[in-house]
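Based on the sequences and whatever the hints tell you, model everything.
Listed below, chain by chain, are the residues.
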Amino acid sequence: MTSKTETPIQKVAVIGAGVMGAGIAAHVANAGIPVVLLDIVPEGSRNRNVIAETAVQKMLKADPAPFMHKRNARLIQTGNIEDNLDLLADCDWIVEAVIERLDIKQALYRKLEEVRKPGSVVSSNTSTIPLEMLTGGLPDSFRRDFLITHFFNPPRYMRLLELVTSPQTRPDAAQAITEFCDHKLGKSVVVCKDRPGFIANRLGILWLLAGVTEARRLGLTVEEADAIIGRPFGIPKTGVFALIDLVGLDLMPHVLGSMVKALPETDAFHQIDRDLSLVEKMIAEGYTGRKGKGGFYRVNKAGGGKVKEAIDLQTGAYRPTQKPQLESLEAAKAGGAAGLLGHADKGGQYARAVMARTLAYAAALVPEAADEVAAVDEAMRLGYNWKQGPFELIDKIGTDRFVQVLKAEGIAVPALLETAAGRPFYRIEGAVREQLGSDGAYHPVRRAEGVVMLEDIKRTAKPLVKTASASLWDIGDGVACLEFTSKMNSLDPELLKGIEKSIPVVQRGFKALVIYNEGSNFSVGANLGLALFAANIAAWSQIEELVEKGQQAYQALKYAPFPVVAAPSGMALGGGCEIVLHADAVQAHAETYIGLVEPGVGLIPGWGGCKEMLARWQANPKAPKGPMPAVGKAFEIISVATVAKSAAEAQDHLFLRPTDGITMNRYRLLADAKARALALAEGYQPPEKPTFRLPGETGLVALEMAVQGFRKLGRATPHDEVVAGKLAWVLTGGPDADVTVEMSEDEVLSLERDAFNTLVRHPATLARVEHMLETGRPLRN
Amino acid sequence: MKNVVIAGYARSAFHPARKGDLTKVRPDDMAAQVVRAVVERTGIDTADVEDLIVGCAFPEGEQGLNVARLIGFLADLGLNVGGVTVNRFCGSSMQAVHQAAGAIQMNAGEAFLCAGVESMTRVPIMGFNPLPNPGLYRAMPQAYISMGETAENVALKYQISRADQEAFAVESHRKAAAAQGEGRFAEEIVPVAGVKDDGCIRADTTADSLAGLKPAFDEKGTVTAGTSSPLTDGAAAVLVCSEDYAKAHGLPILARLRSIAVSGCSPDVMGLGPIQATQKALKRAGLTAGDLDVIELNEAFAAQALACIRDLGLDQDKINLDGGAIALGHPLGATGARITGKAAALLKREGKQFALATQCIGGGQGIATILEAV
Chain D
1 MTSKTETPIQ KVAVIGAGVM GAGIAAHVAN AGIPVVLLDI VPEGSRNRNV IAETAVQKML
61 KADPAPFMHK RNARLIQTGN IEDNLDLLAD CDWIVEAVIE RLDIKQALYR KLEEVRKPGS
121 VVSSNTSTIP LEMLTGGLPD SFRRDFLITH FFNPPRYMRL LELVTSPQTR PDAAQAITEF
181 CDHKLGKSVV VCKDRPGFIA NRLGILWLLA GVTEARRLGL TVEEADAIIG RPFGIPKTGV
241 FALIDLVGLD LMPHVLGSMV KALPETDAFH QIDRDLSLVE KMIAEGYTGR KGKGGFYRVN
301 KAGGGKVKEA IDLQTGAYRP TQKPQLESLE AAKAGGAAGL LGHADKGGQY ARAVMARTLA
361 YAAALVPEAA DEVAAVDEAM RLGYNWKQGP FELIDKIGTD RFVQVLKAEG IAVPALLETA
421 AGRPFYRIEG AVREQLGSDG AYHPVRRAEG VVMLEDIKRT AKPLVKTASA SLWDIGDGVA
481 CLEFTSKMNS LDPELLKGIE KSIPVVQRGF KALVIYNEGS NFSVGANLGL ALFAANIAAW
541 SQIEELVEKG QQAYQALKYA PFPVVAAPSG MALGGGCEIV LHADAVQAHA ETYIGLVEPG
601 VGLIPGWGGC KEMLARWQAN PKAPKGPMPA VGKAFEIISV ATVAKSAAEA QDHLFLRPTD
661 GITMNRYRLL ADAKARALAL AEGYQPPEKP TFRLPGETGL VALEMAVQGF RKLGRATPHD
721 EVVAGKLAWV LTGGPDADVT VEMSEDEVLS LERDAFNTLV RHPATLARVE HMLETGRPLR
781 N
Chain C
1 MKNVVIAGYA RSAFHPARKG DLTKVRPDDM AAQVVRAVVE RTGIDTADVE DLIVGCAFPE
61 GEQGLNVARL IGFLADLGLN VGGVTVNRFC GSSMQAVHQA AGAIQMNAGE AFLCAGVESM
121 TRVPIMGFNP LPNPGLYRAM PQAYISMGET AENVALKYQI SRADQEAFAV ESHRKAAAAQ
181 GEGRFAEEIV PVAGVKDDGC IRADTTADSL AGLKPAFDEK GTVTAGTSSP LTDGAAAVLV
241 CSEDYAKAHG LPILARLRSI AVSGCSPDVM GLGPIQATQK ALKRAGLTAG DLDVIELNEA
301 FAAQALACIR DLGLDQDKIN LDGGAIALGH PLGATGARIT GKAAALLKRE GKQFALATQC
361 IGGGQGIATI LEAV
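Chain order of the listed sequences is D and C.
Residues in the first sequence are numbered consecutively from 1, following my numbering.
Residues in the second sequence are numbered consecutively from 1, following my numbering.
Simulated from the structure, these hints should not be mistaken for laboratory data.
Ideal Cβ positions, reconstructed from N, Cα and C, are used throughout, including at glycine.
The reader is advised that the hints may include incorrect statements.
[Stated by the list, open to error] For each label pair, taking beta carbons as the anchor points, the in silico distance ranges come out as:
| no. | chain 1 | residue 1 | chain 2 | residue 2 | range |
| --- | --- | --- | --- | --- | --- |
| 1 | D | Gln322 | C | Pro134 | 55 to 63 Å |
| 2 | D | Ala538 | C | Gly135 | 32 to 40 Å |
| 3 | D | Ser277 | C | Asp204 | 46 to 54 Å |
| 4 | C | Lys24 | D | Asn536 | 55 to 63 Å |
[To be verified] Per the computed footprint, the stretches of chain C lying under chain D, defined by three or more beta-carbons under 8 Å from a beta-carbon of chain D, are:
| no. | region |
| --- | --- |
| 5 | 209–219 |
| 6 | 309–322 |
[What the hints assert, rightly or not] Partner residues aside, some chain C positions facing chain D, computed with beta carbon under 7 Å:
| no. | residue |
| --- | --- |
| 7 | Leu65 |
| 8 | Phe128 |
| 9 | Asn129 |
| 10 | Pro130 |
| 11 | Pro132 |
Below is the structure:
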């Protein structure tokens, strides 16, 4: 793990082993930091640690996994608050995540005061209780060390952390926690004021509330509502109703109640229709969302069927889901959010009613709940997975136009919009992105110290190399960055051309190359659509050329006279995994999902993936000797298209080497990769070419026998057997291999090409490719 | 010809591979402690021991390099005692007993330590480098058939239902759990690395719990993990001597060897191996199946055990009194010594006359030993 800062936080405690507390503990463990997890002793329980222990056991089985690696569970020490408070004595940070009751929290804080070490920091994960109330009546020594750290669920995956301090909070305490959460936990720390619901939930709950009540008032179906308040606004397709199903309906009245109670009568929460009678009725009947019997949507399994149903907002009865058909949705396809907001039908009316209220409320939160508009945008992007924050959305609509919409809807125009006076909330000034402040002036949007983003560099720089699918950038200090720019960063001839053209440019003018991009996925692999098109017109020579070109490009990267560091994040699949395998070093984001998935579409890795996996496993000092262990491992991993579900897991499979680095914070990936590249650049020598001793036919037979077993068990399909057979043929070295014969990389690459080119002509493979393109799922033929 | 007797038997606890309590124990250490215990418990003078014969099905890695010799060193037997590793897969350590018996009758020694060991955690089944002969595989694929498949073949051939297999497995666990509960294993188990109780036995096994399992080898088949012996770590050893020597030195004789046999059969129904081996041994002993009082029939799979029982006409009530391999575990190389020693010990404990120990062997073989009371 790379870490720029030496953290003063060496041990953490979490009190409260509910979903949030346990998830926070797991994520602290993901950072490699030991953590104590305590909860109460349930009445009459023989095992006094049962709550915390059960929570850890449950997390080991949960999907998506709270742990980045199962071994991290061993960093959690479980206990209870009656017997084990002494375990807190050496903790540097104590996170309280107990039930949202002030009396219980304060009683706990008093106990903490007796055991915690001087200078340790205590924070609450409260989502509703103001800091002022939490520390009321507590000694100054406690207030100085106290703040609120509001995590989002699930803590491993949600990158937002809201931080609230009081004037009494020690600045160095706030800084230590901020740095720990940023570097070690990978969070984007958004500073909030001590206002109810902080930023994301305050705005988010109002948005959801408006979404529910306005849909009912305007007579929209839940499907229509979700289609409107979803993709057109860059909001996840779960929109309003499916999102509430996901987080749980029971949360709504609870959070809403506390919000209304805490906010002044002038607040929008008091002016909006809050009739949640339908929701309350649903909760009473057990329709609490996906965790219960269902919510606004449910799957009706009556009569052995499986029918997706949605609730009728007027009658409360369920009926099969209907595809929404609204003219305004068509308008959104062409004109985006603005087109939708301008449309006259009920979809347009709904969009205006919900989004106008929501975006206006966002404007009202600055400076009331946040100092900066960028903080509100970041909170909604990371807390609710909006592609753009509310102010970015307003800019897209146009501040003037948005004010007109507000006026037409009869919504008061917030002061900040008056201040904007038609100007956008963001502007680019030179290389700097600036935001409008409540003082009416523009101020730079600052990144955290040490963060380097390609997005910022690209604002003013010109690419050194540019093809339709790749660009090369100068990221300073003698390091170049190769960026994929194709759709979903899929690999195609233009991207390979980008690699080919970049190598001499880097060689001439740079010390090192980083392969990195800021898409949601590093690369989803080869462009299957192109491959299928070529196959359909029997352009086999084109496919063969592509395979060979890919091998050449990746080999050229591997043996280039400068170091190459791959910095994947998100998915790195198939050819995307293979390019990572060819890098001299990898600096991976902790959330990297990497694997050689070619067998899923009836192919085998043909760009050196087989060769690299063989080389890595045969060089593994822990593996038993002999010709089969490396072959067997590579076969086991590739044949079932194994995808590691974290960078830590990827090291188990040797997709990443034990020496490769992992960056927890997505924003810090490029800076870490660049530092790694520069460290390698000094006295750099390209790697020596590995050689292989492969078993040949005897090994092939051994693997065939194993595949037969899987066929019998029904785990392998007929075409799996064909594909696995070809994979085995490559990995065991083909017809001429023998343990007495030393084989070169080029020989193994040639086997890869032969096997790939045979499989790609197979009708069952083409059926798999076609199915994957159409459905996004593998065909099990 | 000299009579041959079993004059001592001990074993380690048996634990599931990869998740039991013996995963961290090297097989050579495990076997050495068991062999040492047999020496100490019987009081045999190792100066008189001709050879240490160790059965092992995958003699490589920590079980490699003629592990028998190394176990002899580890057990501090004295440099005079030879060491030979034998491999007849699951029949390895029963073969060790047979080789000792043959040598004694050949007048090539008076006392032999016969042991068996397998850490299926530390040396995987098939070994680290499975390298089958391609020509043989193409011509005769069943030469390399998986054991689970043979169990399915036997179940099909003998029409043994899944329910029957499960009832058999439940019974095996019930008997083993009862024996464990009543402390009947205490005498035979040598604590190794502090482990003194078996780890595979599941007293709560019921027909219902087994009925829920998925087939383990063939999606259309009847054999599950619950009706197969588990992958196991363990070691066992017996002391084999001439009867004259044992009596002259006051060794605790458990039983006399009456006859032995091995046989071959088709590899794809290897589980039937005990049938012919037992028939040959019975004939050599001048006995019939009805004469047998105590039977240790290795439970590689419930299907295979039931087929042998039905074919040979054995009395279920006399079989595996303290449970079989489905409950206890089956550390391949160690099982032969366990069931031979166990059959001998049971003859004595139950005060009976004749005992049979028999097992099937991968590749299509059977091995059998008939014992009688002294």
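Hint check results:
1. In this structure the hint that D:Gln322 and C:Pro134 lie 55 to 63 Å apart at CB holds, the actual value being about 60 Å.
2. At roughly 38 Å, the beta carbons of D:Ala538 and C:Gly135 sit within the given window of 32 to 40 Å.
3. In this structure, D:Ser277 and C:Asp204 meet the distance hint of 46 to 54 Å, their C-beta atoms being roughly 50 Å apart.
4. Our hint of 55 to 63 Å for C:Lys24 and D:Asn536 holds, since their Cβ atoms are close to 57 Å apart.
5. Look at the region 209–219 of chain C against chain D: 5 of its residues bring a Cβ nearer than 8 Å to a Cβ of that chain, three or more, so the hint holds.
6. Counting residues of the region 309–322 of chain C whose beta carbon lies closer than 8 Å to any beta carbon of chain D gives 0, which falls below the threshold of three, so the coverage claim is violated.
7. Checking C:Leu65 against chain D by beta carbon gives a least distance of about 13 Å; that is not within 7 Å, so the hint is violated.
8. Given the 7 Å rule on beta carbons, the hint for C:Phe128 holds: about 4 Å separates it from the nearest Cβ of chain D.
9. Taking 7 Å as the C-beta cut-off, the interface hint given for C:Asn129 holds, the closest approach to chain D being about 4 Å.
10. Hint status for C:Pro130 relative to chain D: holds, with the closest Cβ pair at about 4 Å, below 7 Å.
11. Interface hint status for C:Pro132: upheld, as the beta-carbon distance to the closest one in chain D is roughly 5 Å, under 7 Å.
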